[in-house]
Amino acid sequence: MRRVPRRLRLFLPMVAIAVAGSTTGIVLGGNPEQPAPAIDAGTLVPNSGVGETLLIVIGGGYGSRAEAEAAAAAAQRSFGHLQGFYIDESDNYDVVGVYEQTSADLRVVPCAEWRRETRMECPRGLSEVKAYQTIKLRHIGRAEIGPFLAAKDAVGCGTPGFRPCARANLAERLTPAFSLRPGRFLTLTAFRTKLGAEEFIDFARAAGVADLAVLRVHKLGGGFVGLGQESHPDGSGPLEEPLADPAPYQE
Amino acid sequence: MRRLTRRSIGIATVALFVFVGSAFAGHSANAGWTHRHDGYPTVPNGIAAIKATFGEPCLGTDKNFNRFQWVAWDDGVAYNVNFHKKLGGKAVPGWFVGNGGLSTNLWWDVVGHVTNEHKPVKHGIWGYICKYIDGTQVRSTHSWGIAVDINSAYEHIGTTHKHSHSIDPRVAEIFQQHGWKWGITFGDAMHFQYATGY
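Residue numbers (my numbering), protein chains in the order written: chain A, 1 to 251; chain B, 1 to 198.
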């Protein structure tokens with residue numbers, strides 16, 4: 001009987017382990033009730049957020065990294081010298097919730113009222129100003145995503161004085177099972193608190209970057225996607241470490 | 001004769017103040033605004049001085065920040081501008097939201113001069129945002145609420161050029177007269193910051 005070469009003897013068990021691991025991963029990935037896989041802390045990128053529950057603000061999803069890089073670069077021209085989106089693969093995220101904006105986008109204020117309130121002039125030739133409102137998000141847990149997406153957007157959404165239409169934008173990024181569409185390259189940035197995401201959306205809106213989707217996710221892998229760019233809830237400075245109990249700051 | 005001369009000088013001085021005051025009030029009569037120039041902090045130079053003056057970056061808007069809305073003259077949108085309370089918030093007539101403060105620098109004086117002199121500021125305006133400088137992990141001065149970007153929709157292409165595409169020279173002059181450094185010196189024409197050496 002011919003001996004199996006030594007290289008092959010080492011290779012075959014590795015293939016078997018990889019196949020078993022992949023199969024397990026696929027099975028577990030399809031079931032949201034299963035815990036996230038264990039993370040090897042020794043390989044983590046600092047502040048990557050791997051293993052944490054985060055909010056991600058998604059600018060878009062693309063079929064290739066090159067397309068995503070081009071989209072991020074285009075958005076970056078609007079953000080100026082301030083960091084905008086990062087790029088990561090959709091497979092690195094398990095969706096555990098979504099967010100909708102509950103605040104109206106803007107308030108229309110007649111110039112007479114504006115002058116009285118602010119003691120500042122209205123632009124010449126205008127009879128009213130459109131005052132942006134502070135962004136407020138509402139968390140929708142995984143069990144409620146289906147009913148939420150099935151409902152209709154409120155009448156008037158997306159027009160001045162009303163909140164944005166949220167459902168189509170979210171539905172476009174999710175599978176029927178409410179996972180992110182697999183194999184996509186996302187332009188995104190991540191936060192540990194809802195307030196951080198709200199402040200970023202306000203900034204992005206001012207920069208003219210729209211059609212954002214906000215999701216709550218478990219981060220399974222991947223690199224740095226912007227953590228550390230939000231304030232700590234205790235008001236001491238930037239939030240650069242995971243919160244012991246993030247849920248109250250995310251829901 | 002000498003007493004009369006002193007009195008005449010006194011009257012002339014008062015008249016001059018009244019005249020100058022009226023002239024300043026003239027361009028802002030409609031809105032009831034006049035500048036105050038109270039309580040400006042020393043412009044910090046370098047990161048240590050920034051922290052000594054304004055504290056840590058990314059303090060959040062709850063306790064240390066004020067907010068006003070600045071109307072862009074090209075789209076009529078009033079943009080939210082959060083900023084450090086040490087740059088404005090003294091109890092002057094007018095409208096802002098936040099935590100008070102002793103200065104009248106940004107909110108009231110800079111914005112008042114620009115707006116009530118009818119100098120156009122264009123869309124894409126923001127102040128505080130906890131952010132790194134693009135491609136780095138260095139915190140922008142926006143993270144302290146001591147920077148303002150204006151006209152960003154027009155200036156983003158010019159970030160590598162040391163010239164402006166759209167900023168009204170008088171607007172830049174007003175910022176600079178109130179202690180702000182213009183980012184045009186480092187290729188960011190939309191950007192003004194109340195700090196140097198950073």
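Hints in this document: simulated from the structure, not taken from any laboratory. As the structure is a computational prediction, the values presented were derived from the model and not from experiment. The beta carbon of each residue, even a glycine, is placed where N, CA and C say it ideally should be. Any given hint might turn out to be false.
Pair ranges (Cβ atoms, derived) [claimed, not checked]:
(1) A/Pro147 - B/Ala48: 28 to 38 Å
(2) A/Pro46 - B/Gln176: 30 to 40 Å
(3) B/Ile47 - A/Ala73: 40 to 50 Å
(4) A/Arg77 - B/Thr185: 44 to 54 Å
(5) B/Glu117 - A/Gly235: 47 to 57 Å
(6) B/Ala48 - A/Phe224: 26 to 36 Å
(7) A/Ala150 - B/Glu117: 24 to 34 Å
(8) A/Cys165 - B/Ala52: 38 to 48 Å
(9) A/Gly63 - B/Gly46: 18 to 28 Å
(10) B/Lys51 - A/Thr134: 26 to 36 Å
Some chain B residues flagged as far from chain A (calculated, every beta-carbon gap over 10 Å) [what the hints assert, rightly or not]:
(11) Asp38
(12) Lys63
(13) Gln69
(14) Gly76
(15) Ser164
(16) Arg170
(17) Thr196
Exercise for the section: Find the hints from earlier in the document that the structure breaks and name them by number, from lowest to highest. Expected result: Going through the list in order, the structure violates hints 1, 3, 4, 5, 7, 9, 12, 13, 14 and respects the others.
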